[in-house]
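Peer 1: Okay, here's what each chain looks like letter by letter:
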Amino acid sequence: MINKPGWIKRIFSGVEDYHRTMTSPERYRRFRRTLTLVMIATFLIPLILTTMLSYYTYRSQMLNNLRWNAESATKTIEAFLSELQTVLAYTVNEHTYKELIDQDNLNKVYHRLKSHYPGVVDLGIIDHKGIQRAYAGPYELLGKDYSDRECFTGATASKIFIGIVEMGYRKVPHFAIAISFFNQDAGQNWVFRSSIDATTLDKYIDKIGAGPTSDIFLVSRKVKPLLQSTSQQYGPPLSPYPFELPHNSLGITISEERGVWDYVVLKAVSYIEGTPWALVLLKHGYLYGKDWSFFKARLFFIVMISTVLALLVILQITKLFVGRIREADEKRESMMAEIEHTSKLASIGRLAAGIAHEINNPLAIISAKTGLIMDLLEFSEDFKYKKKIGSEINGTSNAVERCKVITHRLLGFARRMDVSLESIDINSLMREVLSFLDQEALYRGIHVDLDLGDSLPIIESDRGQLQQIFLNLVNNAIDAIGKDGKVIIKTRQRDQSSLQIDVMDNGKGISQDIISHIFEPFFTTKDSGEKKGTGLGLFITYGIIKKLGGHISVRSTVGVGTTFTVILPIKTNLSRRVHDVESKSTGS
Amino acid sequence: MSKVKVLVVDDEIEFATTLAERLNIRGFETTACFCTEDALALIHAKNIPDVVLLDLKMPRMDGMETLEEIKKYNPTIEVIMLTGHGGGIPLVGADRKKFSPFDCIMKPADINELTLKINQAMAKRQASLNKGEGT
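One line per chain: the protein sequences are X and P, in this order. If you're matching positions, the first sequence starts at 41 in my numbering and goes up one per residue. If you're matching positions, the second sequence starts at 2 in my numbering and goes up one per residue.
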């Protein structure tokens, strides 16, 4: 046997136990259960791992795409603002405060800028006090006080300032880019302010095109952020954005967000450098969108179909596998039992023959002595107990005679038999056998039915021994019925190489505890009545059938009847068997 | 008419003597020997029996060898084998077939059957003697 690792032995302990105990249905059920579980686990674990891996790969791919889109959008907005700032700074550098404060000059600058950047709403020059000294644009904003506005204070503090989107004096969403300069002539700071239409941001964002399932917009960096551009989900600029922004202002922060329909959306937030804005990219359909649904459905169906198929295959395979093992075990067990039985019978037979031989000599002495006494009695004159002694000696002789029958039958079983092969028509042999028993059957009111198969092949066997077999079996059937019943003898071809003969009776039947012993020597149930059994009939029948290369089996139900089935080979290598028997028996 | 001379050879003394006695009662002139050597010595001493009842299985020299010796010495002596064994007569080799016994009877033998066989054997011996076989 192959040395298996300990854990395999532990799992399959049910099978290992087989070698120690007999087969039982529970053992095979347990083995089948274990095998099924092991196979299912072997199949399902990699499947679950693969499924999880696919899920996480898909998710990670989604995150990477989102990160890439967010980065790309951020860079686009930053580039646009940077360009605008550069253009505005250049414009201011090219002109002096005096030139710009001149309304005509400012109008010229405004129109030039407007022609290149249509998003520029207006331009304004604010003095060191925060009063707008010059203005070019569609509104009446000259002289407006910006001293408390962020664009003024912010630009004064950090040179360049970009404001959040607001309505302000203009009552339309816009944001300001303000640049402060130092007027050397006056020795004071002034601020060049440009208002940019908030829709410009929408246009740039639309150009990014993060995909149909995405929502991309800017929000203000406040505790309660406001939209800075239009969001498909949250509305136009200045609508509130209901979530807080992440504290980490570096890089891109990715998180999940529950959207308006309670759908989970994937969110990327990136702060835009130098602005009061953060870019928010929402990826819809991350968990519930079309792609995800398709992916999920596909994954689900693959897993389900694989699992169902695997379960069916595993169940079938384990059923087949365990069935085959069980069949093989049972076959082996029955073969072992038969070998054991045959060998037991053979050894008992040999032992019995040996004993019979040894008993025959003292029996011969008893027989001779009682015979002599009888002789002496016969030739002697009458005396008081002559008759009594004669009757007692006669009893002894009868007992010796019975012993003789037993020993002779035993010896007959064990002795070398000259098997003479001849062609035999089994049907005519059965008729011959029945002719011996016709009278007996008639006397007992037993009807013997012959159900003989048509055109059976002629078999090669020993006529005398076959007669002995069937005489014994039919005789037993008649005895089992006793009076008034039916015996059926059925012959048919079993397969290409054998015939089957059934001897059925509707007698009293044989109980299960007896049936396993009926082929053993000295086992008899005919212990009463005038016909005492020697217990050797079926034992000898069994031996002869085996010698002729055949097989005998018995089925019986108490109260219903018994069927003896004899299988005989059509052609058998009998010469070899006879030789074997001879070589065993010679020399004794 | 002289009595038929029967020699019983069997290592079972009780059996041999009792059988001899029973045969004597039935009018045979019976002698019992308990080993083959004694039996052969008796024959060689010109005490020729008509019929020998010979046990098949005996120590030293078995029944078949004894049969051979007897038949070689005088082929008209008829030998009836007695056996307690069911194996019948082990015929091995062509020589053994040449010296076949008149019959083989299983022990314990019925006395009537035995006397019948002895008489038949005697008739055969008589016929052989009439033909002029033997010495």
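Treat each hint with caution, since some may be false.
Reference listing, derived: stretches of chain X covered by chain P, where coverage requires no fewer than 3 residues with Cβ under 8 Å from a Cβ of chain P [stated by the list, open to error]:
{"id": "1", "stretch": "64-71"}
{"id": "2", "stretch": "412-419"}
Cut-off 30 Å, straight-line C-alpha distance, at most; resulting in silico cross-link-like pairs (DSSO-like, lysine-lysine) [as the list claims (entries may be wrong)]:
{"id": "3", "chain 1": "X", "residue 1": "Lys-264", "chain 2": "X", "residue 2": "Lys-154"}
{"id": "4", "chain 1": "P", "residue 1": "Lys-6", "chain 2": "X", "residue 2": "Lys-409"}
{"id": "5", "chain 1": "X", "residue 1": "Lys-409", "chain 2": "P", "residue 2": "Lys-4"}
{"id": "6", "chain 1": "P", "residue 1": "Lys-58", "chain 2": "X", "residue 2": "Lys-409"}
{"id": "7", "chain 1": "X", "residue 1": "Lys-154", "chain 2": "X", "residue 2": "Lys-184"}
{"id": "8", "chain 1": "P", "residue 1": "Lys-118", "chain 2": "X", "residue 2": "Lys-409"}
{"id": "9", "chain 1": "X", "residue 1": "Lys-148", "chain 2": "X", "residue 2": "Lys-243"}
{"id": "10", "chain 1": "P", "residue 1": "Lys-6", "chain 2": "P", "residue 2": "Lys-125"}
{"id": "11", "chain 1": "X", "residue 1": "Lys-262", "chain 2": "X", "residue 2": "Lys-115"}
{"id": "12", "chain 1": "X", "residue 1": "Lys-587", "chain 2": "P", "residue 2": "Lys-58"}
Cβ-Cβ distance ranges computed for the label pairs, FRET-style [as the list claims (entries may be wrong)]:
{"id": "13", "chain 1": "P", "residue 1": "Glu-38", "chain 2": "X", "residue 2": "Arg-372", "range": "34 to 44 Å"}
{"id": "14", "chain 1": "X", "residue 1": "Glu-472", "chain 2": "P", "residue 2": "Pro-76", "range": "38 to 48 Å"}
{"id": "15", "chain 1": "P", "residue 1": "Ala-124", "chain 2": "X", "residue 2": "Gln-533", "range": "46 to 56 Å"}
{"id": "16", "chain 1": "X", "residue 1": "Glu-421", "chain 2": "P", "residue 2": "Glu-38", "range": "38 to 48 Å"}
Source of the hints: derived by calculation from the structure; they are not laboratory data. Treat the numbers as computed from the prediction; the structure is a model and nothing was measured. The beta-carbon is built from N, C-alpha and C at its ideal position, and this holds for glycine as well.
Peer 1: Hints numbered earlier in the text: which of these fail when held up against the supplied structure?
Peer 2: Checked against the structure, the hints that fail are numbers 1, 3, 13, while the rest are satisfied.
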